[in-house]
Structure formats: structure tokens, C-alpha cells
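Student: Quick mapping for you: the protein sequence lines, in order, are chains A and B. If you're matching positions, the first sequence starts at 0 in numbering that gives the first Met the number 0 and goes up one per residue. If you're matching positions, the second sequence starts at 0 in numbering that gives the first Met the number 0 and goes up one per residue.
Hints in this document: simulated from the structure, not taken from any laboratory. Each residue gets a CB set at the ideal place from its N, CA and C atoms; glycine is no exception. The reader is advised that the hints may include incorrect statements.
[Claimed, not checked] Facing chain A, from chain B, some residues (calculated, C-beta under 8 angstroms): (1) L3; (2) R8; (3) L32; (4) M34; (5) E35; (6) L36; (7) G42; (8) A52; (9) T61; (10) H62; (11) R64; (12) L69; (13) V73.
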Amino acid sequence: MGTEISKTQIDRLGDRLRKGSITDSDLRLLDQYRRSFTEAYEMVAGAIRNKLGLEPTGRPAKSTTSIAEKLQRESIRLTQIQDIAGCRLIVPDISEQDRLVASLAKLFPNSTVVDRREKPSHGYRAVHVLVTIEKKIVEIQVRTALQQEWAEVSEKLADLIDPAIKYGRGSESAVKILAAASHLVAVHEQSEVKFLESQQLASQAIANASLTDGTSDDIISIQREVDSFREMVTGNRAIVFKELRKFTEDLPEQE
Amino acid sequence: MLFLIEYDRSRGEIVNFREFDVNQSDLAEQSRLEMELDLNRRGIEREVVLLEAANEEALRRTHRRYFEDLVQLVS
């Protein structure tokens, strides 16, 4: 698109965005910079569609508001922002998330995987795969359904109350409930993994017991264990949403 | 499909919503720029974002925040 813009020009633009005074020519320059990611974005989204048979939801370019906020929040330059272009994939659970991340890493061998499940970013849990094409980074967000629901609530609270909430600042009560909900999501997802493991072990044990002299007591006890995990998983999910509902009911009326 | 969204964060509501065919990406990007220029000239703070999804239903699933209020999100 048009003439090439230099790194210095982009970073100077970033300085102006950080200060919050944006002119028409700044917006046009930012637009030109964002459009320079289109080709890389289309290659990544196309490969996900054609090679993995998945349909990502894409954001070919980060919004001006989000870019300006990021520059004001962090001491980085505009050319260092890694999520100018990106797309999102939602999967049912952690096992699927692991499988998909492995497929993406194989599809894009030079990618970097950032796992925010073990070390969440202010409660945000997901796996990001950063793909670099011709020096342009495209961020693929892979979230489980529950991680996605948490992120949506976090974003909405940030919209309505204070953008700083997403980064552990601002409204103390909102930050607290999001941290608690994130922890519950993590506990739920860990129990989900344990449930799937116990289910697999149970299937194996039942198959082995029927081949040997296994008693029906063995099978009953294994099935009880699987059932108790199932109850725990279902219960955890309910707790997460009950807590979030309780919090939103207590929020003051929006203007 | 491409979707151009003008979103009022403080109210948590969409102000403008436009759809474009995937082969209209230049027009969609140009419309986004014009929308941003217009808002900036009028001193109005809004989030303007261009998203791509198979259809509106898929978009509503992965970007619920734009379409639903807080109560709907946690129900």
C-alpha cells in the first residue's frame, strides 16, 4: 500500500498516540501501517482454514483505541506491539486446546507459543501462537470456551468501569472477583483434565478386568470414581458463573 | 464476511454495524478509516474495529462483548 513507511516514522506516530493528540494525518499513517499486516494476516487465516479446516474469527488490525491504550499503559514502541493483527479460535476444553496448539506449531514451524494458563496475565488465561511472516507478527489466540467467557466478562467490565481492570488496577472489587473467577476457571479446567484421565483409566481397567478375573466390585468402584470427578467438574463450572453473576448484580447502575 | 463495528465502550453498546463481503476488504478498510477520521474530527471517543468471521453468528460467538450486556455474558 503506497510508499514504504520507516520504523522511525511509526514509532514517532506511537509517541503522538501515547500523548493522546491524534490528527487526521496520524490516523492515515496508522491506517497505512496496520494495512501492512494484511498480507501476513491473510496467509495465517488462510492456512488455518485450508490446512486445519477451522474457521477463525479475525481481527486484521487492532483498533486505534486499543493501540493508544497499550502505548499509554506500557513502555513499548508502536513497532514492538505484537498483536496488531490476529485471529481467535475457541475450543471446548484444555485437551482440545493442547491438540490445536500442537497443530498450529506444526503448521507454522517458526512460531512462538506463549502459554498463559500456568502464568496468567492478570487472570487472563489462554494460549497465544505468534506467527512471523516477512517481519510481520500475527497473533493467534487459542482459548477454551471457559477462558473465552472469562475474557469476555473481563473486557466488558473494563469497558463499563475502567480499562485498567484488565491489568489488575482500578476497581478493587472488580479486580478481586476477576482474579477469583480466573482461579475457579483454572481449578475447573484442571479437574476436567483429571476427569478425562480417570475416564480413560477406567475404560482401560474395565477392559482389562473383563479379560482377566476382574470382579464386578472393581468395575463399580472405578465407575464411582469417574462419576465423582464428573460431579466435581459440573459443580466447579456452576460456581464460577454463580460468583460472576453475584458480582454483576452488586455493581452500581451504569450511567 | 467483514464486519465494521463502532462501539461505545462506556455504554457497552454498538453504535454502528456494517457488513462487507470478503472481496470488499479495501472498501471495508477505507470505511473504517473514514469512520475514525469523522469521529476524531467531532471529538467523539469510540472503538472502531474491523473483524472477519464466517458469518454474523460466528462473530457473535467469539466477540460477545460487543453484542451482549454484562448480565447476558454471565447468564
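Student: Now tell me if each hint is right for this structure.
Tutor: Cross-check of the supplied hints:
1. L3: Violated - the Cβ of L3/B stays beyond 8 angstroms from chain A, reaching only about 11 angstroms at its closest.
2. R8: Because about 4 angstroms separates R8/B from the closest Cβ in chain A, which is inside the 8 angstroms limit, the hint holds.
3. L32: With a minimum Cβ separation of about 5 angstroms from chain A (threshold 8 angstroms), the hint on L32/B holds.
4. M34: violated, 10 angstroms
5. E35: Holds - the Cβ of E35/B comes within 8 angstroms of chain A, reaching about 5 angstroms at its closest.
6. L36: holds, 6 angstroms
7. G42: With a minimum Cβ separation of about 11 angstroms from chain A (threshold 8 angstroms), the hint on G42/B is violated.
8. A52: holds, 4 angstroms
9. T61: holds, 4 angstroms
10. H62: Since the shortest Cβ distance to chain A is 7 angstroms, the answer is holds.
11. R64: It holds, given that the least Cβ distance between R64/B and chain A is near 5 angstroms, below 8 angstroms.
12. L69: Holds - the Cβ of L69/B comes within 8 angstroms of chain A, reaching about 5 angstroms at its closest.
13. V73: holds, 4 angstroms
Going through the hint list in order, the structure does not satisfy hints 1, 4, 7.
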